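**Student:** Produce the complete structure using the sequences and hints provided.
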Amino acid sequence: MAAPATSAPSAPPAPVAPGDLSEGGSRGPPDLPPEPKQLPELIRLKRDGGRLSDVDIRGFVRAVVDGSAHGAQIGAMLMAIRLRGMDLEETVALTRALATSGQQLEWPEAWRSQLVDKHSTGGVGDKVSLVLAPALAACGCKVPMISGRGLGHTGGTLDKLESIPGFTVIQSPEQMQGLLEQVGCCIVGQSKKLVPADGILYEARDVTATVDSLPLITASILSKKVVESLSALVVDVKFGGAAVFPSQAQARELAEVLVGVGAGLGLRVAAALTAMNNPLGRSVGHSLEVEEALLCMDGAGPPDLRDLVTRLGEGTGRGVGAYASEPAPPGGPAPASPKPPPRRQEGSCSGSADRRRPRTKAPPGWPRPWTTAQPGTGSSGCSRGRAWTRAWPEPYALGLPRSAGSCCPAPGSRRSCTRPETARWSWSRRYRWRACCTNSGPGAAAPGSHSGRGWAPRC
610 MAAPATSAPS
620 APPAPVAPGD
630 LSEGGSRGPP
640 DLPPEPKQLP
650 ELIRLKRDGG
660 RLSDVDIRGF
670 VRAVVDGSAH
680 GAQIGAMLMA
690 IRLRGMDLEE
700 TVALTRALAT
710 SGQQLEWPEA
720 WRSQLVDKHS
730 TGGVGDKVSL
740 VLAPALAACG
750 CKVPMISGRG
760 LGHTGGTLDK
770 LESIPGFTVI
780 QSPEQMQGLL
790 EQVGCCIVGQ
800 SKKLVPADGI
810 LYEARDVTAT
820 VDSLPLITAS
830 ILSKKVVESL
840 SALVVDVKFG
850 GAAVFPSQAQ
860 ARELAEVLVG
870 VGAGLGLRVA
880 AALTAMNNPL
890 GRSVGHSLEV
900 EEALLCMDGA
910 GPPDLRDLVT
920 RLGEGTGRGV
930 GAYASEPAPP
940 GGPAPASPKP
950 PPRRQEGSCS
960 GSADRRRPRT
970 KAPPGWPRPW
980 TTAQPGTGSS
990 GCSRGRAWTR
1000 AWPEPYALGL
1010 PRSAGSCCPA
1020 PGSRRSCTRP
1030 ETARWSWSRR
1040 YRWRACCTNS
1050 GPGAAAPGSH
1060 SGRGWAPRC
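Here the sequence shown is numbered in our numbering, starting from 610 and rising by one per residue.
Everything labelled a hint here was simulated from the structure, so no lab data went into it. All figures in this text were calculated on a predicted structure; none of them were measured in a lab. Cβ coordinates follow ideal geometry from the N, Cα and C atoms, glycine included. Hints are not guaranteed to be accurate.
To be verified - Now the in silico label distances, taken between C-beta atoms and shown as ranges: (1) R861 to D696: 16 to 22 Å; (2) G694 to N886: 23 to 29 Å; (3) G875 to R671: 21 to 27 Å; (4) K801 to D696: 26 to 32 Å; (5) Q859 to R671: 30 to 36 Å; (6) A858 to E790: 39 to 45 Å; (7) A719 to Q784: 16 to 22 Å; (8) W720 to K802: 15 to 21 Å; (9) G908 to T709: 41 to 47 Å.
**Tutor:** Encoded structure:
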C-alpha cells in the first residue's frame, strides 16, 4: 500500500510593521496624529471665521480646566465665538466637552423614567424654578437641578437661594442622591466635580459681553443637563424687555438650536417660548422673590407666575413630547394650553410640597422659620430693612426691567449692586415699588451679615 502524501511545510509569513494593514507589509512609518493646536492658533482660527474640530474644542476646554488658559485667552475665544458663531456640530462638541469636564451623575435604574428638569434662559423676576422643582417632586418626579447664577441683568436661581441665611448650593453627588431619595428634588450649583469648565466660562461670559451668544448659551445649559442623565427636559426660552433676548426671532432660533443639539447628545429637549416684557410676578430681588415663590407653593402668588409654572410643569410631566408654548400676542390673551393634571393646576400639590420643606436636609445654622413659618408673614429668615417708595410718570418706565435686574444682585453673590439710587425707580404707574435691604449671601449666619436690594409692589 502506498504511503499517504504529506504536504510540505509552509514558509513563515512575512513580518508586518505595526500600524500597517497592507498585504505587502510596511513601506514607511505609521501615520501620527496631528499635533494639537496652541490656544492662540485656535483663537485666530475662530476669529477669522474658521471651524473648530472636536479635538480643537476638547483641547480648549481642557486648557480652561487645568488653568493653562489665561483669562485673556478665554475672553478672546468667547468673543470670537460670539461674533463668528458655531455650527451644529461645533456646538454639540462644545457641549459634550463641557459635560465631560467633570463627573457624570448616576442614579438608580428605577428612577430612569422619573428624572426630569427645567431650565430658563433667564429674565428679571424669574423665580419659576423655585416653585416648579418642589411641585414636580410632589407629583412623583425626581428633579436633580443644576442651576446657574445671574448673567447680565437677569437674576440667578442660586443667588436667590443664597439669600436664605445658611443655605449652601454646593452639594456632592452623594448628597444630591440623598436629597432626591428624601425630598425628590434639589437645586445645586456647578462645582469642581460637576461641569467645572462651564463654571469658569459662565463667569467669564458675564464680564466679557458674551452672555447672548447662542452656542455658548446652548452649551452651558445642556452640558449641565447631560450630566444629570435626564429622561426629559423643558427649556423656557424667554424674550422681551426683561429677558436676555429682546427679539422673538432670536429666542426661536435659540429654541431650535437647543432641540437640535439635545438630539445630537441623545437628550430629549422641548423648548417653550414665553414673552417677558415685564418682570415675572410682583417682586424683584433675591429675598423677595424667594418669599413670593413660597406664596406660590402655598396656592397663592401672582397669577402670571402660577400660570407659567403650571404650563411648564405640564410640559415636563408629559415626558417632553411635542410640547411647545406659543407666546401671547402683545396686549392679547394668552393662548390656550393643554389642561394640566388637577394636582398641579389646582395647587393641591402645595401640601405635599410644603411637607418636603421640613424634610429638606438643611445645613447647621439654617433658621427654623424657613421650615416652619407661613410664607408672607415676614418671618421667613430674610430680615428687611428700610424701604423707600417713589412713583415716576410713565415715560420713565421705558427700560426699567433691565435696570431693575442690574441693581438687584446681592453682595453675597458674585456680583454686587453699584447703583443704589436706582432702587427708587418704578416701572408702572399701577404700582409703587418698595426697595428694601435684605440679609443675603452664602453662609450668612445671622441677620445683618449682608445687605442687598430688591423690589416688591404696593398698590
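**Student:** In ascending order, which of the hints set out earlier in this document are inconsistent with the structure?
**Tutor:** Structure breaks no hint.
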